[in-house]
Amino acid sequence: MPPHPPPRMGWDFCGNPMFMIPEFSALQSAVSRATEAEVLQALSSNRPGMAGLAALLSPAAELHLGAMAKRSAAITSQRFGRTMQMYAPVYLSSFCTNRCAYCGFSAGNAIDRRVLTFVEAESEAMILHQRGFSHLLLVSGEAPAKVGVDYLEKLALRLRNRFAALSIEVQPLATEEYARLFRAGITSVAVYQETYDRGMYKQVHLAGPKADFDYRLESPARIAAAGMREVGIGALLGLADWRAEGLALGLHLAWLRKHYWRTGLTVSFPRMRPAQGEFKPLNPVSERNLSQMIFALRIFDPDIGLYLSTREEARYRDGMIGLGPTRYSAGSCTAPGGYGLADAGGEQFEVGDSRSLAEVSVAIQQKGFDPVLKDWDAVFQLQGDRQQAA
Amino acid sequence: MLTIAGRKFRSRLFGGTGKFSSPEVMKEALAASGCEMVTVALRRIDLNNPADDIMRVLDRDRYLFLPNTSGARDAGEAIRLARLARASGGGEWLKLEVTPDPRTLLPDPIETLKATEELAKEGFKVLPYMNADPILALRLQDAGAVAVMPLGSPIGTNQGVLTRFQIEIIIAQARVPVIVDAGLGAPSHVAEAMEMGADAVLVNTAIAVAGDPVRMARAFAMAVEAGRIAYEAGLGTVSKDAAPSSPEDGLGFLR
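Protein chains in written order, with my numbering: chain W, 1 to 390; chain G, 1001 to 1255.
Just to be clear, a hint being listed does not mean it is correct.
Unchecked claim - Below 30 angstroms or equal to it, Euclidean Cα-Cα: the simulated DSSO-like pairs (lysine-lysine) are:
(1) G:LYS1008 with G:LYS1114
(2) W:LYS70 with W:LYS367
(3) G:LYS1008 with G:LYS1027
(4) W:LYS70 with G:LYS1027
(5) G:LYS1008 with G:LYS1121
(6) W:LYS280 with W:LYS202
(7) G:LYS1114 with W:LYS258
(8) G:LYS1027 with W:LYS367
(9) W:LYS202 with W:LYS258
Since the hints were derived computationally from the structure, they do not count as laboratory data.
Next comes chain W alone, as it looks inside the complex:
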């Protein structure tokens, strides 16, 4: 029998000035109808494209997880070498104006809220600096009155000379605000859509500015337009059908790539873990599912940075070294002030891998990979008026 022709995806939205997402049910049907022949074709193609991504995310691809892992590992090693970039998060604030059914920081939750002063934030950062980190991710709940653009700008200016790269994961901002933060020394910004399923999005985002699906969806484009080096996207795994989320992420990546060719792209895979509020995942994602999603996206786009955070257990993270992810955190604490105070409490989520940087580094080295602490430079952060001074 001749090989089945690849389905025409019909969603070539790359030419559109705004990113559009198809109906979630259409994405689901695209991944569910893929055949084994399409999986094999995607695995042997250099550019599997959107149809190939759908096939690799499909149930039919589950039988070929081993082959996907091999291909993903080969592509990752070729593009990124035998290295793993290391970073650590600094939680700045647990205040949040949103009520999200799944989140430990949700406005309705009775936790002790805290926002770090500049001195406290700096001392948290310096603890990580002493541990050896030079790439930081600054994270906060979405409460602009507590951690707004002014706060982030001032903090970035205080930290940028001491760190090689500063990223943020905060509420969506306007383009001019992102541009201000870029000039202040922020390298990259992550805004996760949480889910590309509008229905599900509405169901779990109960109140607050985050309930605006479209403003969030357009954030990565604003970040890139503001000149940021890198944009991070992701879906919270455990909400809607992960296969369709994977395809939506592929569409988003492809659109961003066409419109912002200077911008690097990364994807994170936050998989739901127990948080305050006792939210149970609506569509649980297994480790096999997560692995399939990571391999599929790597095969789809060889150049994207892939994060696998300490949400996942040590055993799983060790197993995944070299198979696709390129960025690991270590020794993370998800409560504001958690590095300086042993028992700060009020985490956003519980970590699954509590090993120190040294311990994770040993695991990476034992797999034959080099844990890289510095792969950027503060010089790149000296934007704007400092440019002339340098």
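Based on the hints, put chain G in the right spot on chain W.
Coordinates of chain G only, in the frame set by chain W:
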């Protein structure tokens, strides 16, 4: 012997420091390659930290240190990076990389030319990474580049010398040494570049991610040498028709 900006090199293979599984493997592979010039991404190292993982294993008496501006998106960023590196003891040799597209990492010809002009004026020994464009090579040479580094194929692709036709013209025209850089995935690829008359080659990914980087480094060193000797010895011309090895056919009438 190869001479670049007055400095002599016995080896025509230049090495890189990225993508290795550990600094120790890198050190051993570089030693096996016999190379004398090594490029290092300024973004990857901390020049002010003597305990830096790469700097501590690289003997700067043995290797000429060729910092590169990897990550720079435009001339301004590359220039800033170069100045700060020199101020921190990075030396005056510089591999200029201006790559605004983070995916293909292809060099921006316009920004590369601008940065070369400025940095050469400031006394840097600039070796620009460039697409294999013969006119650009001449422009960079006129702007003060001490060598040009045209790509064989996009970085990290292991596709070999896909730009053969342009590189042949660059070699024929350039006054400064021509170092084929990027995309050289196998010893046969570097042998090809050297047979064409390239002055040197730079290889990183193919050695760093090989099953055995140390043995692979040795294989590349041997291929560079073989290709160079073949070039110097004078290769036969390529012909579509079979040519008799004893050129007496048709001369049977001679007594």
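Now the hints, each set against the structure:
Of the pairs offered as hints, the one joining LYS1008 (chain G) and LYS1114 (chain G) holds, with about 28 angstroms between alpha carbons and a cut-off of 30 angstroms not exceeded. Between the alpha carbons of LYS70 (chain W) and LYS367 (chain W) the distance comes to roughly 15 angstroms, so the proposed pair stays at or under 30 angstroms and holds. As the CA atoms of LYS1008 (chain G) and LYS1027 (chain G) are separated by approximately 22 angstroms, the hinted pair is consistent with the 30 angstroms bound. Among the hinted pairs, LYS70 (chain W) with LYS1027 (chain G) is consistent with the structure: their alpha-carbon atoms are about 28 angstroms apart, no more than 30 angstroms.
Our distance criterion of 30 angstroms between C-alpha atoms is met by LYS1008 (chain G) and LYS1121 (chain G), whose separation comes to about 23 angstroms. Taken as a hint, the LYS280 (chain W) and LYS202 (chain W) pair is honoured in the structure, with Cα atoms around 17 angstroms apart against an allowance of 30 angstroms. A hinted pair counts as satisfied when its Cα atoms are at most 30 angstroms apart, and LYS1114 (chain G) with LYS258 (chain W) qualifies at roughly 27 angstroms. For the hint linking LYS1027 (chain G) to LYS367 (chain W), the alpha-carbon distance of about 19 angstroms falls within 30 angstroms, and the restraint holds.
Distance hint between LYS202 (chain W) and LYS258 (chain W) is fulfilled; the C-alpha atoms sit about 29 angstroms from each other, no more than 30 angstroms.
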